[in-house]
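Here the structure of chain A is known, so what remains is to put chain B in place on it, guided by the hints.
Chains as they are written, first to last, in full-length UniProt numbering: chain A, 1 to 314; chain B, 1 to 314.
The hints are simulated quantities; they were obtained by calculation from the structure and are not laboratory data.
Fair warning: this is a prediction, and the values are worked out from it, not measured in the lab.
One should not assume that every hint holds.
[Said to hold, decoys possible] Quick list of the computed label-pair ranges, beta carbon to beta carbon:
(1) S123/A to A284/B: 49 to 55 Å
(2) D224/A to P121/B: 21 to 27 Å
(3) G257/A to A284/B: 51 to 57 Å
(4) E190/B to D224/A: 36 to 42 Å
(5) D298/A to T198/B: 35 to 41 Å
(6) G160/A to Q294/B: 49 to 55 Å
(7) E190/B to Q66/A: 28 to 34 Å
(8) I295/A to L195/B: 42 to 48 Å
(9) S202/A to E190/B: 17 to 23 Å
(10) D248/A to P121/B: 43 to 49 Å
(11) A284/A to R310/B: 50 to 56 Å
(12) P244/A to V194/B: 41 to 47 Å
[Unchecked claim] Taking lysine-lysine pairs in the DSS-like style, the calculated list, with each CA pair at most 30 Å apart, reads:
(13) K173/A to K173/B
(14) K189/A to K197/B
(15) K124/B to K51/B
[Said to hold, decoys possible] Reference listing, derived: stretches of chain B covered by chain A, where coverage requires no fewer than 3 residues with Cβ under 8 Å from a Cβ of chain A:
(16) 19-25
(17) 150-161
(18) 192-204
(19) 208-216
Where is the CB? At the ideal position from N, CA and C, for every residue including glycine.
Number of protein chains: 2
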Amino acid sequence: MSAAAAQRATAFAPASVGNVGVGFDILGFSVDVLGDRVTASVSATPGVTIKAIRGVADDLPLEAAQNTAGRAVQALVEAAAPAFGIELEIEKGIPLGSGLGGSAASAVAGVVAANRLLQTPFSKLDLLKFAMQGEAVASGSLHVDNIAPSLFGGLVLTVGIDHPRVKQIPVPKGVRAVVVHPHLYLATKEARAVLSKTIGMSDFVWQTANLAGFIAGCYSNDVDMIRASFEDVLIEPQRQSMIPGFADVKAAAMAQGALGCSISGAGPTIFAWALAEQAQSALAAMEAQFASRQIGVDGWVVDIESAGARLVEI
Amino acid sequence: MSAAAAQRATAFAPASVGNVGVGFDILGFSVDVLGDRVTASVSATPGVTIKAIRGVADDLPLEAAQNTAGRAVQALVEAAAPAFGIELEIEKGIPLGSGLGGSAASAVAGVVAANRLLQTPFSKLDLLKFAMQGEAVASGSLHVDNIAPSLFGGLVLTVGIDHPRVKQIPVPKGVRAVVVHPHLYLATKEARAVLSKTIGMSDFVWQTANLAGFIAGCYSNDVDMIRASFEDVLIEPQRQSMIPGFADVKAAAMAQGALGCSISGAGPTIFAWALAEQAQSALAAMEAQFASRQIGVDGWVVDIESAGARLVEI
Numbered sequence: 001m002s003a004a005a006a007q008r009a010t011a012f013a014p015a016s017v018g019n020v021g022v023g024f025d026i027l028g029f030s031v032d033v034l035g036d037r038v039t040a041s042v043s044a045t046p047g048v049t050i051k052a053i054r055g056v057a058d059d060l061p062l063e064a065a066q067n068t069a070g071r072a073v074q075a076l077v078e079a080a081a082p083a084f085g086i087e088l089e090i091e092k093g094i095p096l097g098s099g100l101g102g103s104a105a106s107a108v109a110g111v112v113a114a115n116r117l118l119q120t121p122f123s124k125l126d127l128l129k130f131a132m133q134g135e136a137v138a139s140g141s142l143h144v145d146n147i148a149p150s151l152f153g154g155l156v157l158t159v160g161i162d163h164p165r166v167k168q169i170p171v172p173k174g175v176r177a178v179v180v181h182p183h184l185y186l187a188t189k190e191a192r193a194v195l196s197k198t199i200g201m202s203d204f205v206w207q208t209a210n211l212a213g214f215i216a217g218c219y220s221n222d223v224d225m226i227r228a229s230f231e232d233v234l235i236e237p238q239r240q241s242m243i244p245g246f247a248d249v250k251a252a253a254m255a256q257g258a259l260g261c262s263i264s265g266a267g268p269t270i271f272a273w274a275l276a277e278q279a280q281s282a283l284a285a286m287e288a289q290f291a292s293r294q295i296g297v298d299g300w301v302v303d304i305e306s307a308g309a310r311l312v313e314i
Numbered sequence: 001m002s003a004a005a006a007q008r009a010t011a012f013a014p015a016s017v018g019n020v021g022v023g024f025d026i027l028g029f030s031v032d033v034l035g036d037r038v039t040a041s042v043s044a045t046p047g048v049t050i051k052a053i054r055g056v057a058d059d060l061p062l063e064a065a066q067n068t069a070g071r072a073v074q075a076l077v078e079a080a081a082p083a084f085g086i087e088l089e090i091e092k093g094i095p096l097g098s099g100l101g102g103s104a105a106s107a108v109a110g111v112v113a114a115n116r117l118l119q120t121p122f123s124k125l126d127l128l129k130f131a132m133q134g135e136a137v138a139s140g141s142l143h144v145d146n147i148a149p150s151l152f153g154g155l156v157l158t159v160g161i162d163h164p165r166v167k168q169i170p171v172p173k174g175v176r177a178v179v180v181h182p183h184l185y186l187a188t189k190e191a192r193a194v195l196s197k198t199i200g201m202s203d204f205v206w207q208t209a210n211l212a213g214f215i216a217g218c219y220s221n222d223v224d225m226i227r228a229s230f231e232d233v234l235i236e237p238q239r240q241s242m243i244p245g246f247a248d249v250k251a252a253a254m255a256q257g258a259l260g261c262s263i264s265g266a267g268p269t270i271f272a273w274a275l276a277e278q279a280q281s282a283l284a285a286m287e288a289q290f291a292s293r294q295i296g297v298d299g300w301v302v303d304i305e306s307a308g309a310r311l312v313e314i
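If we strip away everything but chain A, and leave its shape as in the complex, we get:
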């Protein structure tokens, strides 16, 4: 019976914006001002147990198979078959149903912490696959657009589900993300249910042109191309009515010179990209729109590049 490499480890995984407008289910970026922490400890109880859930959400399932972090660590345990059990303590920093990748962050923090206990740790790409199993518990689908940026940090593209490949995409210097979280709740499953099952050919061509232009603009430091292609013609029109005031919030951001503005993941959080000199005024304008509707908000201006999930001392 091999011993654990450590008795206890804590990991932080950042929040994230999924879809990024033009990259439905494949593109996301980390929002490193908030995140979830998971502590993994060697336990005499076999398998995965959850000792406690604290923080901004505490009514999550304590049964490991039903919990995003629990299920993700179960997937890791199934692959590693360690000679000990793993007990988790989860501290939620990301509100439930905010569209900020909270379930992904818990899953990622769980596997990063648990990985530290193993004598032979897994690669990040393996951890990605384990975390996807956890994310599926919450969202009902195997999408990776929050998992990958929470784990790797920055703007991240994921290609493939069975054999995912991850690409960190450079973001032009001077570009910031503006993230506004209204105090409303939207379940990812419901937000997915409103989406049409099919896409028209001309919308397809338009959306793919925007996606390609956005990525080419990032790689080539071409802010004008990013601005020109930063438009979701497919998903946003179907979901925007679920967020009170969305059109006005977006218009407010664009009026301040934002490069683009759309829904973070399934919403209700709204994000924009803006040059640093316009980011604070875009944030204020977006928040003011929610305030005028008596909806409370949290808002941040963040660097998009980030270290991603990491072990922390507690």
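Then chain B, alone, in the frame of chain A:
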């Protein structure tokens, strides 16, 4: 009445591969081993007239409005309103219905030659718009995936139709295109007609992931990512039955180590990308598949980067 800047000019515009598998209607690359030439001359006859069509296709419309080069130069004349007429002589080097962007090349060569006659020449982006008008005569749609690479050269992304933006995408050093043209005829209009008008959501996500991965792979010199994402899950399955032996030709290319293989534009030309050391064997293997079906072919290994359309001395 302002005089012409030149009495006569000839331009060459290269053939091109449209779609490039993952970039339906938005991505293309130039194939600079063959192309069309158009000579534009100042004429006393107002508007645009076509004096002659020669080369590998001579049964094209002589009426300017029905001819791709003629219509493109008409669009230029409508915008410039020169005090002289323009007469065109067209020399086709690209076979009709080959899927090698022949109509686009004639339109591009036409506007590049005619532009040389103007005292105040247009920008390349303006020429792109004029050439699109010509392409629409042949294909029935305003797509730019052949026009842009023929005009600019190399691997080119176009975002937008009304206000197109063009991005030349770098191709990793050592990557070559293999292009095999079977002696069959496929009309673009017919090849478009077979396509479904709608796309399923999961195919959409898969195709967009491949497109994004392909572009990211090109920018980051990541041949493995290009290989992993070089798959058209949408259009190729609908069109491949129009090309006898397609599946075998593709399998032959992949068996030689090609990075990917798909239909050039609407077909029947098939293209592959391969590392330089595998390109010739991929070409031979692809040609052999057509030969075994008693179908004649032309085939080339080409550098993807190219200067694009240019004025030439004749």
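Verification of the supplied hints:
1. S123/A to A284/B: 49 to 55 Å: 39 Å, violated
2. D224/A to P121/B: 21 to 27 Å: 23 Å, holds
3. G257/A to A284/B: 51 to 57 Å: For G257/A and A284/B the Cβ distance comes to about 55 Å; the hint holds.
4. E190/B to D224/A: 36 to 42 Å: 38 Å, holds
5. D298/A to T198/B: 35 to 41 Å: About 39 Å separates the Cβ atoms of D298/A and T198/B, which means 35 to 41 Å holds.
6. G160/A to Q294/B: 49 to 55 Å: Check failed, 39 Å falls outside 49 to 55 Å.
7. E190/B to Q66/A: 28 to 34 Å: 53 Å, violated
8. I295/A to L195/B: 42 to 48 Å: 44 Å, holds
9. S202/A to E190/B: 17 to 23 Å: 19 Å, holds
10. D248/A to P121/B: 43 to 49 Å: 45 Å, holds
11. A284/A to R310/B: 50 to 56 Å: Holds: the Cβ-Cβ distance is about 51 Å, inside 50 to 56 Å.
12. P244/A to V194/B: 41 to 47 Å: 44 Å, holds
13. K173/A to K173/B: Holds. K173/A to K173/B sits at ~27 Å (cutoff 30 Å).
14. K189/A to K197/B: 27 Å, holds
15. K124/B to K51/B: Given pair K124/B, K51/B holds - Cα atoms ~25 Å apart, limit 30 Å.
16. 19-25: Held - the segment 19-25 of chain B has 3 residues with a Cβ nearer than 8 Å to chain A, which meets the minimum of three.
17. 150-161: holds (count 4)
18. 192-204: holds (count 8)
19. 208-216: Contact hint for the segment 208-216 of chain B vs chain A: holds, 8 residues under 8 Å.
Of the numbered hints stated above, those contradicted by the structure are hints 1, 6, 7, listed in ascending order.
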